[in-house]
Amino acid sequence: MEIKEKESVVVRFSGDSGDGMQLAGNIFSTVSATVGNSISTFPDYPADIRAPQGSLTGVSGFQVHIGAEQVYTPGDLCDVLVAMNAAALKTQYRYAKPDAAIIIDTDSFGPKDLEKAQFQTEDYLGEMGIDPDRVIACPLTSMVKDCLADSGMDAKSVSKCRNMFALGLVCWLFDRDLNVAFNFLREKFAKKPEIAEANIKVIQAGYDYGHNTHSSVANVYRVETKNKVPGRYMDITGNKATAYGFIAAAEKAGLKLYLGSYPITPATDVLHELSKHKSLGVITVQCEDEIAGCASAVGASFAGALAVTSTSGPGICLKSEAMNLAVIMELPLVVLDVQRGGPATGLPTKSEQTDLLQALFGRNGESPMPVVAAASPTDCFEMAFAASKMALEHMTPVILMTDAYVANGSAAFKLPNLSEYPAINPPYVPEELKGSWTPYMRNAEGVRYWAVPGREGFEHILGGLEKDDKTGAISTNPENHDLMTRKRQAKIAAIPVPDLEVLGDKDDAELLIVGFGGTYGHLHAAMDELRAQGKKVALAHFRYINPLPANTADVLRRYPKVVVAEQNMGQLAGWLRMKVDGFVPQQYNEVKGQPFKVAELVAAFGPLLTSPKGEGQKS
Amino acid sequence: MEQAHVTSSPSPLGGSRWGAADFKKGQPRWCPGCGDHFFLASLHKAMAEIGVAPSQTAVISGIGCSSRLPHYMATYGMNTIHGRAAAIATGCKVANPNLTVWQVSGDGDGLAIGGNHFIHANRRNINLNMILLNNRIYGLTKGQYSPTSPRGFVSKSSPYGTVEDPFRPAELCFGARGHFFARAVATDAPGTVEILKAAYNHKGSSVCEILQNCVIFNNGTHDAVYSKEGRAKNAIYLRHGEKMLFGENNEYGIVQEGFNIKPVKLGEDGYTEADVLVHDAKCEDNTLQLKLAEMEWPVALGVIRDVEAPTYDDCVWSQIEEVKAAKKYHNFAELLETNDIWEVK
Chain A
25 MEIKEKESVV VRFSGDSGDG MQLAGNIFST VSATVGNSIS TFPDYPADIR
75 APQGSLTGVS GFQVHIGAEQ VYTPGDLCDV LVAMNAAALK TQYRYAKPDA
125 AIIIDTDSFG PKDLEKAQFQ TEDYLGEMGI DPDRVIACPL TSMVKDCLAD
175 SGMDAKSVSK CRNMFALGLV CWLFDRDLNV AFNFLREKFA KKPEIAEANI
225 KVIQAGYDYG HNTHSSVANV YRVETKNKVP GRYMDITGNK ATAYGFIAAA
275 EKAGLKLYLG SYPITPATDV LHELSKHKSL GVITVQCEDE IAGCASAVGA
325 SFAGALAVTS TSGPGICLKS EAMNLAVIME LPLVVLDVQR GGPATGLPTK
375 SEQTDLLQAL FGRNGESPMP VVAAASPTDC FEMAFAASKM ALEHMTPVIL
425 MTDAYVANGS AAFKLPNLSE YPAINPPYVP EELKGSWTPY MRNAEGVRYW
475 AVPGREGFEH ILGGLEKDDK TGAISTNPEN HDLMTRKRQA KIAAIPVPDL
525 EVLGDKDDAE LLIVGFGGTY GHLHAAMDEL RAQGKKVALA HFRYINPLPA
575 NTADVLRRYP KVVVAEQNMG QLAGWLRMKV DGFVPQQYNE VKGQPFKVAE
625 LVAAFGPLLT SPKGEGQKS
Chain B
325 MEQAHVTSSP SPLGGSRWGA ADFKKGQPRW CPGCGDHFFL ASLHKAMAEI
375 GVAPSQTAVI SGIGCSSRLP HYMATYGMNT IHGRAAAIAT GCKVANPNLT
425 VWQVSGDGDG LAIGGNHFIH ANRRNINLNM ILLNNRIYGL TKGQYSPTSP
475 RGFVSKSSPY GTVEDPFRPA ELCFGARGHF FARAVATDAP GTVEILKAAY
525 NHKGSSVCEI LQNCVIFNNG THDAVYSKEG RAKNAIYLRH GEKMLFGENN
575 EYGIVQEGFN IKPVKLGEDG YTEADVLVHD AKCEDNTLQL KLAEMEWPVA
625 LGVIRDVEAP TYDDCVWSQI EEVKAAKKYH NFAELLETND IWEVK
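These protein sequences, in sequence, are chains A and B.
Residue 313 in my numbering sits at position 289 of the first sequence, with consecutive numbering throughout.
Residue 423 in my numbering sits at position 99 of the second sequence, with consecutive numbering throughout.
By construction, these hints were calculated from the structure, which means they are not laboratory data.
Cβ coordinates follow ideal geometry from the N, Cα and C atoms, glycine included.
Be a bit skeptical, because a hint or two may be false.
What the hints assert, rightly or not - To spell it out: a stretch of chain A is covered by chain B in this simulated footprint if at least three of its residues, at any positions, have a beta carbon under 8 Å from a beta carbon of chain B; those stretches are:
#, segment
1, 47-60
2, 256-267
3, 314-323
4, 328-334
5, 477-489
6, 531-544
Please work from the sequences and hints to get the whole structure.
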């Protein structure tokens, strides 16, 4: 048996939606993270509610990238592909590297399976041009049945354990300690120990099968861990990290956390997560619609809570009027937009960055609103905290943008220590202003004071109509409206945000890559690869989009060539051109609903470095 | 009449430290004679009698003529966006259940653009006092038919008459499983104050339909009951546990006939006072209450339905307390520890 030392390896589990691929992938990433590997995961769900079993549209995938050093993406292509049925092999093989090992369940490649997967012949490997030597073909279903023959479980329950056999086989391939997986399952099925033990038995069987049968033919990969950052870690998805960020911010601010929401893919897991944590006093209201989700959050904010509403792009359309109400009433509110493919219903389960201009401008009137974006699953925590702090301290709605990719992807999360996070101090109206206070009196930062109902002497009426700067009464005075518009604008413009960080060859880069939000990992990996080729490349990645970091123009003008790469038709590029005089970047735009591919980025950016400006431009 | 008078006399109950003037603010901008003036005065009076401090009170409206109302309140409040008052009030009440929340909408705000929030607030039974000022017209946009305008109603947007049936607010409320419905005429201050106090005392969503005249665009829509004399002839004041008698000399009563109810004149057709039904606002089954609410003659006023049920806001908070008691993690640091954690050394 040969043991291959690898810097990083990508594994893709794929099968029917009901085959438990997400769970197998999750356990494998946890097992790998436990030994200190860096991990990045990406679940790829079908949009169908429940496609027919074995059909091409019903295939669900879960990709895990494990690395000895930091991995930034779930990987373009996989080194190991698990295909639980014919349809999975048919649709997922395109995500496999040319030399990838492929694990298939031969029991799921019968004539009917092949027909459903639209194979023409029984030689499915030949049809796809797959070298049989790369395939670990095992009668997986039969072996699981044998393994659990004495368990007394019914056929359906036995069949549900197939994913664990595949997991065991992959664990063998990567020389993983099975005990971590066993503990995971014992905890997950704490109330059904017999299910846990059945799964454990099947994992062990899968592992042993690999060891006994294939030890002479296949490689065992070993991904060691380098540059460990000591600490305690957990695996976290972006949506869960976002929920945790809100909880942390509410605790830091000493406020109740209120979420008004309506289920929508891919944002719903934030509602699920927050709904669990009533023991922390979190209030979640699943409203009658998106509008009420936001409107009720505005009501909760008025009442003195840290108010959040969570949604995806179509929901933002519906919430925009209530968001604007928070703009004019100058109340704190965090609006989470987990972006998906659009327009309209678009690609509900897929990822895009196409809501940026909607976030910046998609409301009537002059409606300045801070916009921030999370760069990775774990960054969702940081940005949810930052967005909450910004909303509460500057009395404004803030849009937090993530996307389906970072929301569903996961990574190892170093447990944060809240005492190391900054305080959150909302501008509560000082008691000594009682008697002289009016609703639009501002502090030194131009921020309206917050008078939470219940305080005697600060009773006041807010509303959607323009108010007089001095008295707070309804006003249609032209000068006053102009003044209030400018004050609202100035308040947002004055919000301090961290400087834009430049990574890579920051002193002498020939090309600056610019992006925002969830593409950080792919752009970083592309930069690393170009630099490994000896090219001079830097990356400036935006997390704060409105207001822009103070050094934005300086950074963008510093490098001979700039490419703005984003998963839309050029929305960030347009925003930067609007804000930075004379800035004319090259653009790399892709709207496929899938994460960038590092190889494609490298292929597109490479020519920018060696050929005259303009070539190599994708759009 | 330009504006209803508001007095700052001490509460007749003696228990409240507040007078109506303590809830009053500013100069209303409604048209002279608008029913909203009358209602506002009654609301101030009712709040004084209820005795909840202005600082503990929030008045939340949507958009429309009547939704201007919070600007004339010395309480906390918001005059928000069209149709969303019930949703905004829901968030406000759940986040801070100590506040007494009044939600004010017109028939357009509450039943057209805000119809969804109206029914769901009732379904959830959130403890809001929901005021529906019904003038059967869009006033602020200057005279279009509303979802409570009768079929055939001629307006600027229906010059040949509407070809649609109106909502009947009580039916909508009951259809959404509402537990409280009351009705008053804006000009009838005692009747209005009485139902507002009953709405406050009812725990849960309490819908008060206020029949209100728009002098400009729909003058006379509630003429039959708008004057005291009219109400004596054409309205019945319902009180829980009392016989349903009406008329200038209580010469009429409501009796049961088969599966229906009907008004009869006592002494005619053999009907006597013994046949007259006793009003039961507490009856969980809303069948007869709905029939009462939908009578065209007489118009039912007062508390038509008032049934106790668990409120949404109470349940949200008691569930939080239950889970707090059951779970071992109560802060963020403890929450982190509930996950599968590994250590890198």
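Quick rundown of the hints versus the structure:
no.: 1; hint: 47-60; in the structure: holds (count 4)
no.: 2; hint: 256-267; in the structure: holds (count 5)
no.: 3; hint: 314-323; in the structure: holds (count 7)
no.: 4; hint: 328-334; in the structure: holds (count 3)
no.: 5; hint: 477-489; in the structure: holds (count 13)
no.: 6; hint: 531-544; in the structure: violated (count 0)
Of the hints listed earlier, the one the structure fails to meet is number 6.
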